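Engineer: Note that full-length UniProt numbering has the sequence shown beginning at 1, numbered continuously upward.
Rather than coming from a laboratory, the hints here were simulated on the basis of the structure.
Do not rely on the hints blindly, as some may be mistaken.
Claimed, not checked - Straight-line C-alpha distance at most 30 Å; calculated DSS-like pairs for lysine-lysine:
#, residue 1, residue 2
1, K173, K354
2, K76, K211
3, K229, K71
4, K79, K211
5, K211, K229
6, K80, K189
7, K229, K57
8, K189, K173
9, K57, K76
10, K71, K232
11, K229, K79
12, K219, K229
13, K173, K79
14, K232, K219
15, K232, K76
16, K219, K79
17, K219, K76
18, K354, K342
19, K211, K71
20, K80, K219
21, K189, K342
22, K76, K229
23, K71, K219
24, K173, K361
25, K80, K232
26, K361, K342
27, K219, K57
28, K71, K57
29, K211, K80
30, K173, K342
31, K211, K232
On a predicted model such as this, the values are computed, not experimentally measured, just so you know.
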Amino acid sequence: MDLAEQQQFYLEALMASPHHGDSNNSHDFMGGDSDHERAMNAQIGQHISIGRQQEMKQQHDSQQQFHALLKEYMDKLQKKKAYFTSLAHCTLSLVTAPLLTLNTSLQTSVAANVVTMKDFQAEVGQADMAQRARTSTLKSNDSAPRFTAFMNFKNKQSLMQNNQRVGMAQPFKAPVYRNYFEAFQGIYKQGFQGFYKGNGIRCLHIFLFHKLNTDFTLKLEGSDSEFYKQLKQTPFAQEFLLSCAIDFMLHPLHVAEARFIMQNRRPNFSVYQSLAQFFTRSYSEVFRGITLHIPRNVCIALTGMKLTDQISVYSYYGQSILFQTLAYPFLTVQRRLECMSKMGYGLLRNDEYKGFFNACKRIWAEEGPIAFYRGYLAYILAITFWMSVLPQATDFMMMNMPLIGQGSSTGQLNAGSSPQYDSEQVAGGNRARPLTQRVEDDEDEDDY
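Let the sequences and hints guide you as you build the complete structure.
Structural biologist: The following block contains the structure:
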């Protein structure tokens with residue numbers, strides 16, 4: 001019985017009362033002076049109050065149920081968005097992988113270790129003379145062993161010449177590229193697949209980053225702790241801490257990506273044949289350069305700050321490129337520290353640098369300040385491509401693929417078109433926040 005029905009019921013009961021209509025009590029029943037009318041008025045008021053409380057409780061319960069349903073829907077929407085973003089990112093990596101391969105190859109090229117073609121030919125010539133001297137001591141009737149030994153050397157020499165690259169000492173040593181032309185030529189000689197070295201590991205890193213970022217964000221949003229409430233008031237701190245935590249967890253994949261790009265793809269000269277072999281052979285080196293995620297994430301988190309009152313496409317790209325440029329030297333040093341190994345071949349020497357400050361000092365002294373930005377052009381082209389294409393690709397997937405499965409409790413909500421959302425791009429372990437996120441930072445989070 002709702003409130004109107006209760007009022008009608010008690011009104012009829014009052015009209016049916018034997019005291020109603022008495023000439024001595026002819027006042028209105030709501031304002032009558034008899035004890036019976038006052039008692040009935042009090043009883044009606046009490047029941048009306050109870051009815052109102054019940055109605056308000058029902059409305060509150062309905063609102064709570066709706067908000068719970070809406071939260072479940074939004075959580076699933078965020079998870080679907082992360083999945084589609086990862087899928088779009090991995091698909092578009094077919095375009096950006098060659099750029100990032102060139103970028104990382106130039107970053108890890110230590111100019112002080114370069115050996116030119118002339119030096120390489122002189123080294124081969126000296127080895128040839130030494131081999132001839134050793135075989136000439138054999139007796140004349142030992143021509144077969146002498147010929148076999150000489151041919152073995154010639155085969156090795158031919159193999160090295162076929163696999164050697166401009167600017168590189170030997171296939172067994174870490175490659176050194178002095179410019180984009182040498183890098184392109186060296187990678188091309190490893191086959192077309194050489195431009196996609198490490199891309200599978202990068203895609204795995206992208207998928208796990210989006211998955212962990214979404215899960216941690218949803219968990220923090222559902223937390224009632226005072227720390228998170230204060231953290232939520234400073235988006236810069238929230239993004240910085242969350243990015244650092246996830247980057248620390250996924251750093252072994254960041255190291256593996258750099259080493260797979262640096263190594264020679266040919267089976268006879270590759271350091272690692274698979275990701276599993278990387279972990280079994282270099283498990284003690286998977287956390288090299290991990291602390292450099294901190295200064296890099298400081299710069300990257302600043303891309304989300306609102307520096308101007310009006311956010312335009314130009315300010316968005318300008319601000320993102322500016323802070324990515326500031327973070328790039330840290331990435332260069334980090335890549336070199338990650339590629340230092342005690343394997344003895346194919347990578348940088350284990351004692352190449354003694355740490356971050358020693359690496360900065362030596363790079364500045366031996367190669368000049370421009371060395372901190374080796375491969376920068378290819379890197380910034382890849383970042384700009386992500387910023388331009390990835391949000392649209394993710395939006396397309398969100399609008400053309402089902403968001404909520406059949407039979408879900410959240411299916412009662414009408415999904416409609418995909419709401420505006422933020423997308424976090426990862427390119428070579430780096431992120432750039434899109435324009436839609438920074439515009440919506442000033443709006444209510446639940447307005448959709």
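Engineer: Against this structure, judge whether each hint is valid.
Structural biologist: Structure-based check of all given hints:
Restraint check for K173 and K354: satisfied, since their Cα atoms lie roughly 20 Å apart, inside the 30 Å limit. Distance restraint check for K76 and K211: the Cα-Cα separation of roughly 12 Å lies within the 30 Å cut-off, and the hinted pair is therefore satisfied. With a C-alpha separation of about 18 Å, the suggested pair K229 and K71 falls inside the 30 Å cut-off, and the hint holds. For a cut-off of 30 Å, the pair hint linking K79 to K211 stands: about 8 Å separates their Cα positions.
Pair hint K211 plus K229 holds up; C-alpha atoms about 23 Å apart against a cutoff of 30 Å. Our distance criterion of 30 Å between C-alpha atoms is broken by K80 and K189, whose separation comes to about 41 Å. Between K229 and K57 the alpha-carbon distance is near 28 Å, which keeps this suggested pair within the 30 Å criterion. For the suggested pair K189 and K173, the alpha carbons sit about 16 Å apart, so the restraint of at most 30 Å is met.
The hinted pair formed by K57 and K76 meets the criterion: a straight-line CA distance of about 28 Å does not exceed 30 Å. Restraint check for K71 and K232: the C-alpha separation of about 18 Å stays at or below 30 Å, so the hint holds. Proximity of K229 to K79 is assessed by CA-CA distance (about 22 Å); at most 30 Å being required, the pair is judged to hold. Distance check on the hinted pair: K219 and K229 sit about 13 Å apart at the alpha-carbon level, within 30 Å; holds.
A distance of roughly 44 Å separates the Cα atoms of K173 and K79; the hinted pair therefore is violated under the 30 Å criterion. Distance hint between K232 and K219 is fulfilled; the C-alpha atoms sit about 13 Å from each other, no more than 30 Å. Taking the CA atoms of K232 and K76, the gap is about 21 Å. The hint holds against a cut of 30 Å. The suggested pairing of K219 with K79 holds, with an alpha-carbon distance near 12 Å, which does not exceed 30 Å.
With a C-alpha separation of about 13 Å, the suggested pair K219 and K76 falls inside the 30 Å cut-off, and the hint holds. As the CA atoms of K354 and K342 are separated by approximately 13 Å, the hinted pair is consistent with the 30 Å bound. For the suggested pair K211 and K71, the alpha carbons sit about 18 Å apart, so the restraint of at most 30 Å is met. Taking the CA atoms of K80 and K219, the gap is near 16 Å; set against the 30 Å cutoff, the hint holds.
Under the criterion of a C-alpha separation no larger than 30 Å, the hint pairing K189 with K342 is consistent with the structure, at around 26 Å. Under the criterion of a C-alpha separation no larger than 30 Å, the hint pairing K76 with K229 is consistent with the structure, at around 23 Å. For the suggested pair K71 and K219, the alpha carbons sit about 12 Å apart, so the restraint of at most 30 Å is met. A hinted pair counts as satisfied when its Cα atoms are at most 30 Å apart, and K173 with K361 qualifies at roughly 23 Å.
For a cut-off of 30 Å, the pair hint linking K80 to K232 stands: about 23 Å separates their Cα positions. Only pairs whose Cα atoms come within 30 Å are accepted, and K361 paired with K342 is accepted, the gap being roughly 22 Å. Distance restraint check for K219 and K57: the Cα-Cα separation of roughly 29 Å lies within the 30 Å cut-off, and the hinted pair is therefore satisfied. This hinted pair checks out: K71 and K57 have alpha carbons roughly 21 Å apart, not beyond 30 Å.
For the given pair, K211 sits about 10 Å from K80 by alpha-carbon distance, which is consistent with the 30 Å threshold. Restraint check for K173 and K342: the C-alpha separation of about 13 Å stays at or below 30 Å, so the hint holds. At roughly 20 Å between alpha-carbon atoms, K211 and K232 fall within 30 Å of each other, so this suggested pair holds.
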